[in-house]
Amino acid sequence: MKPNSIALVVASFLTGILTSKKLHKQDLPDPDNPLFFVGSWNYRTNSSNRIHTVEIRPNFDLLIDKHPVKVKVESWDKYSITFLDNYGYHIRIRANEERPVSIYDETENETYPILFSNYKITKNP
Numbered sequence: 001m002k003p004n005s006i007a008l009v010v011a012s013f014l015t016g017i018l019t020s021k022k023l024h025k026q027d028l029p030d031p032d033n034p035l036f037f038v039g040s041w042n043y044r045t046n047s048s049n050r051i052h053t054v055e056i057r058p059n060f061d062l063l064i065d066k067h068p069v070k071v072k073v074e075s076w077d078k079y080s081i082t083f084l085d086n087y088g089y090h091i092r093i094r095a096n097e098e099r100p101v102s103i104y105d106e107t108e109n110e111t112y113p114i115l116f117s118n119y120k121i122t123k124n125p
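Heads up, the sequence shown is in UniProt numbering, so the first residue is 1 and it goes up one at a time.
Bear in mind the hints are in silico, worked out from the structure with no lab data behind them. None of these values were measured; they are calculated from a predicted model. We put the beta carbon where it would ideally sit given N, CA and C, even for glycine. Incorrect hints may appear among the rest.
Here are the simulated distance ranges between beta carbons [said to hold, decoys possible]: (1) K78 x N49: 13 to 23 Å; (2) S48 x S102: 28 to 38 Å; (3) E74 x E108: 12 to 22 Å.
Listed next, the in silico SDA-like pairs over lysine to any residue satisfying Cα-Cα at most 25 Å (straight line) [stated by the list, open to error]: (4) K66 x N86; (5) K72 x I114; (6) K70 x P113; (7) K70 x I51; (8) K66 x S47; (9) K70 x R94; (10) K66 x R44; (11) K70 x E108; (12) K78 x T53; (13) K70 x T53; (14) K78 x R99; (15) K78 x S47; (16) K78 x R50; (17) K70 x V101; (18) K72 x N49; (19) K66 x T82; (20) K78 x Y89; (21) K72 x S40; (22) K70 x N86; (23) K70 x D85; (24) K78 x L35; (25) K72 x D61; (26) K78 x D61; (27) K66 x S40; (28) K72 x N42; (29) K72 x S102; (30) K66 x Y87; (31) K66 x P113; (32) K78 x R94; (33) K66 x T45; (34) K78 x L115; (35) K70 x H52; (36) K78 x S48; (37) K66 x E106; (38) K70 x R92; (39) K72 x E97; (40) K70 x L84.
Build out the structure end to end from the sequences listed, making use of the hints.
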């Protein structure tokens, strides 16, 4: 293969990688925005091995297994949002750069990983 051909193949390959990564980043929600945490996720409890669903709506209503939980947002930052329920217990959702990754339930004093296979990215409005 000629040097010019090799350079063309390498340039095409690098352009493809950089373009596809750039498009992928545009599809990810912005973790600096509290709406980054809006969505539905599944997690499995350790004690019963049952799968539960947590949903955070755009107005920050919290539902667990489709049942509303009265909460207020106590704090949030780039990597977590913390809710305080009417009984004084915390529910904390932690995230990485791309998505929420775990749910902490103070009533059970347990942290549950979010099941990745059921996670869906929803673009923020």
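Structure-based check of all given hints:
A hinted range of 13 to 23 Å is violated for the C-beta pair K78 and N49, which are about 32 Å apart. Look at S48 against S102: about 18 Å separates their beta carbons, and that is not inside 28 to 38 Å. Look at E74 against E108: about 18 Å separates their beta carbons, and that is inside 12 to 22 Å. For the given pair, K66 sits about 18 Å from N86 by alpha-carbon distance, which is consistent with the 25 Å threshold.
The suggested pairing of K72 with I114 holds, with an alpha-carbon distance near 22 Å, which does not exceed 25 Å. Straight-line distance between C-alpha atoms of K70 and P113 comes to about 23 Å, which keeps the hinted pair within the 25 Å bound. As the CA atoms of K70 and I51 are separated by approximately 21 Å, the hinted pair is consistent with the 25 Å bound. Taken as a hint, the K66 and S47 pair is honoured in the structure, with Cα atoms around 21 Å apart against an allowance of 25 Å.
With a CA separation close to 20 Å, the supplied pair K70 and R94 stays within the 25 Å bound. A C-alpha spacing of about 16 Å is found between K66 and R44, which places the hinted pair at or below 25 Å, so the restraint holds. For the proposed pair K70 and E108, the alpha carbon gap of about 17 Å is at most 25 Å, so the pair holds. Of the supplied pair hints, the one linking K78 and T53 holds, its CA atoms being roughly 22 Å apart against a limit of 25 Å.
The straight-line distance between the Cα atoms of K70 and T53 is roughly 16 Å, inside the 25 Å bound, and the hint therefore holds. Between K78 and R99 the CA atoms are separated by roughly 11 Å; this keeps the pair inside 25 Å, and the hint holds. Between K78 and S47, the direct Cα distance comes to roughly 30 Å. Violation of the 25 Å bound is thereby established for this hinted pair. Simply put, K78 and R50 have alpha-carbon atoms about 29 Å apart, too far for the 25 Å limit, and the pair is violated.
As the CA atoms of K70 and V101 are separated by approximately 23 Å, the hinted pair is consistent with the 25 Å bound. Straight-line distance between C-alpha atoms of K72 and N49 comes to about 28 Å, which puts the hinted pair past the 25 Å bound. With a C-alpha separation of about 19 Å, the suggested pairing of K66 with T82 holds against the 25 Å cut-off. Annotation: proposed proximity of K78 to Y89 holds, straight-line Cα distance about 22 Å (limit 25 Å).
Distance check on the hinted pair: K72 and S40 sit about 18 Å apart at the alpha-carbon level, within 25 Å; holds. With a CA separation close to 6 Å, the supplied pair K70 and N86 stays within the 25 Å bound. Of the pairs offered as hints, the one joining K70 and D85 holds, with about 6 Å between alpha carbons and a cut-off of 25 Å not exceeded. A hinted pair counts as satisfied when its Cα atoms are at most 25 Å apart, and K78 with L35 qualifies at roughly 11 Å.
For the hint linking K72 to D61, the alpha-carbon distance of about 8 Å falls within 25 Å, and the restraint holds. A threshold of 25 Å between alpha carbons decides the hint, and for K78 with D61 the separation of about 19 Å falls inside it, so the pair holds. The straight-line distance between the Cα atoms of K66 and S40 is roughly 10 Å, inside the 25 Å bound, and the hint therefore holds. Distance restraint check for K72 and N42: the Cα-Cα separation of roughly 21 Å lies within the 25 Å cut-off, and the hinted pair is therefore satisfied.
With a C-alpha separation of about 19 Å, the suggested pair K72 and S102 falls inside the 25 Å cut-off, and the hint holds. Proposed proximity of K66 and Y87 is supported: the alpha carbons are some 19 Å apart, at most 25 Å. For the suggested pair K66 and P113, the alpha carbons sit about 19 Å apart, so the restraint of at most 25 Å is met. The straight-line distance between the Cα atoms of K78 and R94 is roughly 9 Å, inside the 25 Å bound, and the hint therefore holds.
Taken as a hint, the K66 and T45 pair is honoured in the structure, with Cα atoms around 16 Å apart against an allowance of 25 Å. For the proposed pair K78 and L115, the alpha carbon gap of about 20 Å is at most 25 Å, so the pair holds. For the hint pairing K70 with H52, the CA-to-CA distance comes to about 17 Å; that is within 25 Å, so the pair holds. Among the hinted pairs, K78 with S48 is inconsistent with the structure: their alpha-carbon atoms are about 31 Å apart, more than 25 Å.
With a C-alpha separation of about 20 Å, the suggested pairing of K66 with E106 holds against the 25 Å cut-off. Simply put, K70 and R92 have alpha-carbon atoms about 14 Å apart, close enough for the 25 Å limit, and the pair holds. With a C-alpha separation of about 24 Å, the suggested pair K72 and E97 falls inside the 25 Å cut-off, and the hint holds. A hinted pair counts as satisfied when its Cα atoms are at most 25 Å apart, and K70 with L84 qualifies at roughly 8 Å.
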